[in-house]
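For the record, the sequence lines run as chains A and B.
Under the numbering used here, the first sequence has 175 at position 175, and the numbering climbs by one with no breaks.
Under the numbering used here, the second sequence has 71 at position 71, and the numbering climbs by one with no breaks.
It is worth saying that the hints were derived from the structure and are not from the lab.
It is possible that part of the hints are untrue.
It does not matter which identical chain is meant; a pair holds if it fits inside one copy or across any two.
[As the list claims (entries may be wrong)] Pairs of lysine to any residue residues, derived as SDA-like cross-links and limited to a Cα-Cα distance of at most 25 Å, are as follows:
hint, residue 1, residue 2
1, Lys38, Asn53
2, Lys38, Asp79
3, Lys38, Phe78
4, Lys234, Ala48
Note that the structure is a prediction, hence the values are computed from the model and not measured.
There are 2 protein chains.
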Amino acid sequence: MANDIFILTESELRKAVRLDMEAIDVVEQAFAALGTGKVIMPPILSMAIPEANGEVDVKTAYIPGFDGFAIKVSPGFFDNPKLGLPSLNGLMILFSARTGLVEALLLDNGYLTDVRTAAAGAVAARHLAPATVQTAGVMGTGVQARLQIAAAHLVRPFSRVLVWGRDARKAQSCARDLAANLGIEAHAEADPARLVAESQLVVTTTPAEEPILKAEWLHPGLHITAMGSDQEGKNEIDPKAIAAVDLYVADRASQCEKLGELRTAIAAGQWKGGQPRELGAIVQGQPGRTDEAQITLCDLTGTGAQDTAIATHALSAARAAGAGRVIES
Amino acid sequence: MANDIFILTESELRKAVRLDMEAIDVVEQAFAALGTGKVIMPPILSMAIPEANGEVDVKTAYIPGFDGFAIKVSPGFFDNPKLGLPSLNGLMILFSARTGLVEALLLDNGYLTDVRTAAAGAVAARHLAPATVQTAGVMGTGVQARLQIAAAHLVRPFSRVLVWGRDARKAQSCARDLAANLGIEAHAEADPARLVAESQLVVTTTPAEEPILKAEWLHPGLHITAMGSDQEGKNEIDPKAIAAVDLYVADRASQCEKLGELRTAIAAGQWKGGQPRELGAIVQGQPGRTDEAQITLCDLTGTGAQDTAIATHALSAARAAGAGRVIES
Numbered sequence: 001m002a003n004d005i006f007i008l009t010e011s012e013l014r015k016a017v018r019l020d021m022e023a024i025d026v027v028e029q030a031f032a033a034l035g036t037g038k039v040i041m042p043p044i045l046s047m048a049i050p051e052a053n054g055e056v057d058v059k060t061a062y063i064p065g066f067d068g069f070a071i072k073v074s075p076g077f078f079d080n081p082k083l084g085l086p087s088l089n090g091l092m093i094l095f096s097a098r099t100g101l102v103e104a105l106l107l108d109n110g111y112l113t114d115v116r117t118a119a120a121g122a123v124a125a126r127h128l129a130p131a132t133v134q135t136a137g138v139m140g141t142g143v144q145a146r147l148q149i150a151a152a153h154l155v156r157p158f159s160r161v162l163v164w165g166r167d168a169r170k171a172q173s174c175a176r177d178l179a180a181n182l183g184i185e186a187h188a189e190a191d192p193a194r195l196v197a198e199s200q201l202v203v204t205t206t207p208a209e210e211p212i213l214k215a216e217w218l219h220p221g222l223h224i225t226a227m228g229s230d231q232e233g234k235n236e237i238d239p240k241a242i243a244a245v246d247l248y249v250a251d252r253a254s255q256c257e258k259l260g261e262l263r264t265a266i267a268a269g270q271w272k273g274g275q276p277r278e279l280g281a282i283v284q285g286q287p288g289r290t291d292e293a294q295i296t297l298c299d300l301t302g303t304g305a306q307d308t309a310i311a312t313h314a315l316s317a318a319r320a321a322g323a324g325r326v327i328e329s
Numbered sequence: 001m002a003n004d005i006f007i008l009t010e011s012e013l014r015k016a017v018r019l020d021m022e023a024i025d026v027v028e029q030a031f032a033a034l035g036t037g038k039v040i041m042p043p044i045l046s047m048a049i050p051e052a053n054g055e056v057d058v059k060t061a062y063i064p065g066f067d068g069f070a071i072k073v074s075p076g077f078f079d080n081p082k083l084g085l086p087s088l089n090g091l092m093i094l095f096s097a098r099t100g101l102v103e104a105l106l107l108d109n110g111y112l113t114d115v116r117t118a119a120a121g122a123v124a125a126r127h128l129a130p131a132t133v134q135t136a137g138v139m140g141t142g143v144q145a146r147l148q149i150a151a152a153h154l155v156r157p158f159s160r161v162l163v164w165g166r167d168a169r170k171a172q173s174c175a176r177d178l179a180a181n182l183g184i185e186a187h188a189e190a191d192p193a194r195l196v197a198e199s200q201l202v203v204t205t206t207p208a209e210e211p212i213l214k215a216e217w218l219h220p221g222l223h224i225t226a227m228g229s230d231q232e233g234k235n236e237i238d239p240k241a242i243a244a245v246d247l248y249v250a251d252r253a254s255q256c257e258k259l260g261e262l263r264t265a266i267a268a269g270q271w272k273g274g275q276p277r278e279l280g281a282i283v284q285g286q287p288g289r290t291d292e293a294q295i296t297l298c299d300l301t302g303t304g305a306q307d308t309a310i311a312t313h314a315l316s317a318a319r320a321a322g323a324g325r326v327i328e329s
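So here's chain A without its partners, still in its complex pose:
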């Protein structure tokens, strides 16, 4: 049985898919679909390989109305930097939702995950941040710190960004990059309490295992997107802050209670909110922020639905650009 498979490499995907409003909109569609309850999204398959200080996660989701579904494989091997290799890699495979045949291999080394993760932050900001954001703050100084702020800036065009990190030089470097890329004022801020005090939108992007954002720093008119915790053992937000916000929103409740900030809040006895509201339900019209003074928080663990959405978008963008090659399997 001959079947044509489209193969795209990381460099081709970087050219064809950008973190732009189109990417944000396609990821918002994924959340809208999640909000209908009709998405089929099994639990994440996860395998740790302690001998190699590695792990691998597999995510997937079927979204009615999308022609394909993606299966994403994300290895993280944390001794790789010693070998001069990146810790995170991986690929997405796009299958026809009608026949199950492989349609495309997206050899993105994690690039599409970076884009869809940042795009989810923008969806959260679009629906939950105050209408006017003058200053945004980011905790963390890596790839997602840069991308989350770039994505949020598309939906809330703030004029200033503050960057906090444990390593002051990395925070300065991140601020310089953001200033250059977004054409806005950007500073490193050594005091995380001051960063939160001066921001209307804060994104946490670290692999922290102890809270880096304290409940006593919350203030009216603040939105927080916490995207760092995607595994048991990670925790960025003080459990008391989860209890104190006016509205806590999960990307997927069943994932957040195991892998997100909600997990720690439940473990600390701080969660009294019952079944948490999901971002998809808010995209579908359930109440999000209802006044400018509220404090909101969105807990992002990363969903297979986002992967299916970005993979579908990537294939169509790459085809339109004439990129990639076909092999007959």
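Given the structure of chain A, go ahead and fit chain B onto it with the hints provided.
Here is chain B on its own, set in the frame of chain A:
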């Protein structure tokens, strides 16, 4: 980060990897590793897509001592034959077990699964069938009926094979193929009771949801390999037969109790055996068949360890044959 990825198509894999003693031995190594308890094998990720009468399964396993680990994606879309397409497809991705980088994409459309599944039947026959098998019987008339008998014949060179199927013409066609391929006597047998009575080794290879092999047909000196049931709802073997055999062996107990014949036996209250023995433990030296008159049964649901073993073997065989192409991701 440039990373060279080796790509192999189904036709290249069919040339490089055969169902031979080498494939059986590599799959036996996977079971031996499972028997040490050191294999890391997470539960199968499974997603049903009822709208398309489809499903997709993802399996993986890390085996200490193997350079790579495979992630296998197996879609089954059961309306495909109406479109002139095969129901089963899929691919394997081989990752470095040291860095998590993608090493090879094996676009096998399920071929390597066919081989590793039949090879597991041969491992079961090698350790559990009577030393001398004159007649083998197979229930079912599809690809696995042919491959299981071919694999079993490598380890127990019987001179006669009987084939039963619901469709007599398919049984005749399967028997003709087996006679031609193995150079032995082969007949269709319309009466499954007689097939079992005349065989020392029986392999069941059907998607049956009601038992096709009855407890009252068991006889001394019989070994049964049941490989059809790999999902809830499938059942080939009378639960009373599971209770009646001298030795029941699971490929993986945790899978068989959910997906294999063991599931139905437990549900029917027929399982009194406690923690079942696993094939890997027998490969490692725990008792299997201890006399020729015993009745043994091996329940195969298919393990990620077999996938890692066959994918590693396939890459090395294809490289040795100079097959495939490399792309830089």
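To see whether the hints hold, each was checked on the structure:
no., hint, in the structure
1, Lys38 / Asn53, "between (37 Å within a copy, 16 Å between copies)"
2, Lys38 / Asp79, "between (40 Å within a copy, 21 Å between copies)"
3, Lys38 / Phe78, "between (36 Å within a copy, 21 Å between copies)"
4, Lys234 / Ala48, "within (15 Å within a copy, 31 Å between copies)"
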